[in-house]
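Please model the complete structure; the sequences and the hints are all you need to start from.
As they're listed, the protein sequences go chains A and B. Start counting the first sequence at 199; every next residue gets the next number (my numbering). Start counting the second sequence at 370; every next residue gets the next number (my numbering).
Keep in mind that the hints were calculated from the coordinates and are not lab data. Fair warning: there could be bad hints in the mix.
Chain B stretches covered by chain A per the calculated footprint, using a threshold of three residues with CB under 8 Å from any CB of chain A [unchecked claim]:
1. 408-420
2. 648-655
Examples of chain A residues lying across from chain B (beta carbon under 8 Å, computed) [to be verified]:
3. Gly435
4. Leu452
5. Leu473
6. Leu477
7. Phe478
8. Ala494
9. Gly542
Model, not experiment: these values are computed from the prediction. Here a beta-carbon is modelled for each residue, glycine too, at the ideal position from N, C-alpha and C.
Spelled out from the first residue to the last, the chains are:
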Amino acid sequence: MTTVSMVPRNVAHLPWKLLFIVLAIGLFGGMCLFSAAGGSLMPWALPHFVRFFALLCMALGMSFVRPETYRELSWPAYGFVILLLVVTLLIGTIGGGAKSWLELGVIRIQPSELMKPVSILLLAGFYGSLPPGEIRRFSAIWPPFAMLVIPVGLIILQPDLGTTLLLLFAAITVMFLAGLPLWYFIGGGLAVAAAIPLAYNLLMLPHQQKRVLIFLTPEQDPLGAGYHITQSKIAIGSGGIFGKGFLNGTQSHLHYLPEQHTDFIFPAMAEEWGLVGGLFLIGCFYLLFRWGMNVAAEAKGRFNRLTAAGMTMTIFFYFAINLLMVVGLAPVVGIPLPLFSYGGSAMLTVMICLGILMSIDRENRRNRRR
Amino acid sequence: MRRKGPPPLLTENSQIYTFSRRSFVLGGLQAGVATLIAGRMAYISIAENERYKLLSESNRVQMVLVPPRRGWIVDRHGQPIAINRSDYRVDLIPDQLKEPDRIIAQLAQLLQLPLDEVDRINKELAQAAGYQPVPVAENLSFEKYAAVTLRLPEMPGVAPLRGFSRFYPEGAAVGHLVGYVGTANKEEYEKEKNPLLITPGFKVGKEGLEKVMEPRLRGKPGAKRLEVTARGKLIRELSTLSDESGGTLPLTIDAGLQAYAARRMGNESGSCVVLDCFTGDVLCMASMPAYDPNSFSDGIGSNEWKMYSSNERKPLLNKTLNSLYPPGSTLKPMMALALQAGGVDPEQVVNCPGGYQLGNRFFRCLGKHGAMNMHRAVAKSCNTYFYAMSRRIGIDKMAAMAEQMTLGLKYDLPVVSQSYGTYPNSEWKQRKYKDRWRESDTLNAAIGQGYVILNPLQLAMMAARIASGRQVLPNMLLRRSREAPPLNIPPEHLQVARNGMWEVVNGNGTAGASRLPFPEIQMGGKTGTAQVRRITGAQRGQSGEWKYRDHGLFVFFAPTSNPRYAGAVVIDHGMGGARAAAPVAKDVLTYLFDKPKAIENLMKLEEGWGGNIAVRMKREAELWAAANPPKPKTQQASADANGGTRT
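Have a look at this one:
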């Protein structure tokens, strides 16, 4: 790498491919928020842009920190987020049926979101330092469970089903990649399948039970609780291949589409940009995941590999659950489309994930140059 | 399910291998999910595009029907009988209504709505959905309308509107003729399934011409396509299709004559029909007392209904078509034709000793008339002559002539119902009573009693056919009038009947007091008095309780020199044709020839009766209301009893 260039070395060494993808998603999201507000920067598009660029700068800053530092910081961060979760339960505010928000002066944050990257770091650190021979022992299982049981318990108490699921998915992914025996996952999957009816009856609140029921039969109640899914499909379906055109969405502008700036931003986009816009966005996200998985594949050391893959999968789970929901393939759970939809907490989580991914990528390139 | 044997050797390298294998699986999962989402999205937006486009449009666009203006009903000169008056109304838009309880309470206070109206609004609001308005009140005064408009900012969901309501300038005088309109009821909506019927402010014909001519009068609704938000807020009007007014319906009626006849009947119960005797055009078809179609068109209150239906003078019955009377002596001109057709010489004399002996039964005459020929017998209404002569020709020849006079026939008229009565013959009696025709039946039929019952329009038709000698039929809808073909009766026969009728009024006859007040125009007529029930003795239904008194009937034509008009007047329980019916006919004909004179007469009469129709009806309603204070409990029962007529 001895190319002489006008561009300063630090700038040239930024992961431009990723930045283009992230910028495409974030700016496209801002445009859709601009349209969703009826062609206005307020109340959504402008805060989205501000937050997006601020957090992107933060992520870039994070990329200059070595992965090893994150490993060292994971335990203190864990303790800090647990503390925030406890405080949230005590003095948090209610949003979307759950007590999950913490008002900190001007900022409102969702501490449960922060728990996702922190637990991945923690688990990756644990498996990174676990001797290879131990992986089939019981000692490879109980510490992660011990680490997870407190945050999961605190988040369930809020109660926030969506975040709990995402956190568990991410943790299970890390365990899966760490090499735990395959039958754990198959057996666990069967156990969960058996436990679902129990969870449905004992753990879910009425509004959650209703959402699951309606996911199974949305046509039964098109004006009541099945409204979300029906209106989302109408928005996507009526957009057709090329959409109704920017600022011409009727489902979103006339408020038939609920939550059109957060969880249901994708159908609002699809109504105006059509299948073409949808495929573009799905393509961008897919390239993002490919980039993340490549970083993981190239990474040296178990901690880096597991962290990179775990972070990528965390973003993937947001994407998958949100989009499966809006196209009617998953029940309505309150999970936004990160970087694209309005809302700071998910964006913060994803930017943290990206910052750490870029940090690992930077280390990979350092290794290559060596 | 762990495999037996030694566990595989776990090293750093084997873990890298596991990781890349498993991360490949996760990569596959990512690709799979992304493909699934993309495929699902493509399916929704390509294969189901049409369906969702429609759903999106039906979300976005609400169609609001604009009720068409109903066609006018006008008389033969174009004078309006039923028109549309612009009125003020207030509706509620359910989707925009924020605090229904507070707003309905405020409206009830502003518009002084009665309690049962508030109940109805609440009930309809509970069933209503979307953008379809719920009517609150119509026919509001401008002051009330303005009071609501002023407070509009604090009453979201309230929609004051200018609309149209039906107006009948002559009120009760045309009630039975045109009927009335009203909000479509459930059955009417179920039958037609037309959303126009449940659009607030839209009325359908409920009775009379309004009902029969509904297709012509209705017109085509306009439509507004509105873009609305999910909460029902109006964004803009996308397009408007203007409504098409219903067609104007010109009648053969002379509105002035119709109103005059109705007023002239005063406090009596009865009917008056006047026809153009050459074309059959119905110039007047008044039945009194009548309901006011204006107040019925606003919705019939249960009290109002009760008042009308309990009235013994039957204001809800169209007496010109649906009341049947024994015609009595008014049939004698027809009998004169029947006798001549049966070969009786009109100059042949019958002596009247005050009655006629048939077997062991004595059939009375009203007097001892002495020697009677045909036209004298008509003029004096001598029963004996017709008893004697009818035996010579028999019932079937009488019935054949009655049929030529359209007696007992149903007419092709745009009316909801007509009772066409009976003129009997021997075959009819055999069929109906399984009994042979007897001579006593013939005698009764000869004086228009017994089995004979007819409606007033048929009596008027008989007079018209005798006067013109043509096969006229009644006709209510104005079209190019054609003179009807002549009757199959020799003109000299008709002249005998007409001469008799002339003599009734202008000679030494029973209606001498009802000559027209013109030297050169004379009326021919025939009085009739019909028993309501057989009363023996001298009383003969001339006094006593009103409902047992005789009916007074009169058929007429004018001018006798060159007949133009014919008609019939029936006054229920008027005790006699000469006494009750003929004076009405005289004034009605006077109106046709000299309006100011006729109106002058009427004003004097109305003074004596205590005002015009509207004033008297109002007083009557007040008296009734005072005597029948509304009881909340029984009100419900009577509302059920009146068969779903909405208030």
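Min Cβ distance, Leu473(A) to chain B: is it shorter than 8 Å?
holds (5 Å)
Under the criterion of a CB-CB separation shorter than 8 Å, is Gly435(A) in contact with chain B as hinted?
holds (3 Å)
So, as I understand it, the hint says Leu452(A) touches chain B; can you test that by seeing if any CB pair is closer than 8 Å?
Hint holds; Leu452(A) Cβ to chain B Cβ min 4 Å, cut 8 Å.
Quick check on Leu477(A) please, does its C-beta sit within 8 Å of some C-beta on chain B?
With Cβ-Cβ at 6 Å, under 8 Å, it holds.
Holds or violated: is there a CB of chain B closer than 8 Å to the CB of Phe478(A)?
This interface hint is violated because 11 Å lies over the 8 Å limit.
8 Å C-beta test of the stretch 408-420 of chain B against chain A, three or more residues:
As far as the stretch 408-420 of chain B goes, the hint holds, because 9 residues have Cβ atoms under 8 Å from chain A.
Are 3 or more residues of the stretch 648-655 of chain B near chain A, judged by a Cβ distance of less than 8 Å?
violated (count 0)
Against chain B, run the beta carbon of Ala494(A) and see if the smallest gap drops under 8 Å.
holds (6 Å)
Report holds or violated for the interface hint on Gly542(A), using the least CB-CB distance to chain B and a cut-off of 8 Å.
Violated - the Cβ of Gly542(A) stays beyond 8 Å from chain B, reaching only about 25 Å at its closest.
Against the hints set out earlier in the document, violations occur for numbers 2, 7, 9.
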